[in-house]
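Residue 7 is where the sequence shown starts when you use our numbering, and the numbers rise one by one after that.
Just so you know, these hints were derived from the structure itself, not from any lab. Every value quoted in this text rests on a predicted model; they were computed, and no experiment measured them. Even glycine gets a Cβ: it sits at the ideal position worked out from N, Cα and C. Mixed in with the good hints there might be a few duds.
Now the in silico label distances, taken between C-beta atoms and shown as ranges [stated by the list, open to error]:
1. Val32 x Lys64: 28 to 36 Å
2. Ala63 x Gly37: 16 to 24 Å
3. Leu75 x Gly37: 33 to 41 Å
4. Gln30 x Leu75: 29 to 37 Å
5. Gln51 x His72: 14 to 22 Å
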Amino acid sequence: MASTRMSAAVSMTGHDQTADSIQQIVKLVLGRAGCLMCGRIARLQVDFLSDPPTDIAKLGAHSFEHEGLK
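Please construct the entire structure, taking both the sequences and the accompanying hints into account.
Here you go:
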C-alpha cells in the first residue's frame with residue numbers, strides 16, 4: 007500500500023482556548039485527510055507560545071518565540 011504524506015498546521019490564539027476546542031480542531035483536521043478513520047497521525051507536535059515582552063507586545067505581537075536570545 008502506497009502512502010501519501012499529508013500535513014496540516016493550525017495556529018491558535020491563547021485566549022479562550024479549551025481542551026474541547028482543541029479536540030474539535032484535531033477532529034476537523036483529521037476529517038480533511040478523507041474521513042475521521044482515514045487520517046492516521048504519524049506525529050503530533052504541540053508548540054507552546056509565550057507572551058511577548060512588553061516592548062514587542064506594544065507593536066501588536068501576540069506571541070514571542072526565541073531560542074538562544076538574551
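Each hint, compared with the structure:
1. Val32 x Lys64: 28 to 36 Å: 34 Å, holds
2. Ala63 x Gly37: 16 to 24 Å: Taking Cβ atoms as reference, alanine 63 and glycine 37 lie about 35 Å apart, which means the hint is violated.
3. Leu75 x Gly37: 33 to 41 Å: 38 Å, holds
4. Gln30 x Leu75: 29 to 37 Å: 34 Å, holds
5. Gln51 x His72: 14 to 22 Å: Holds, at about 18 Å.
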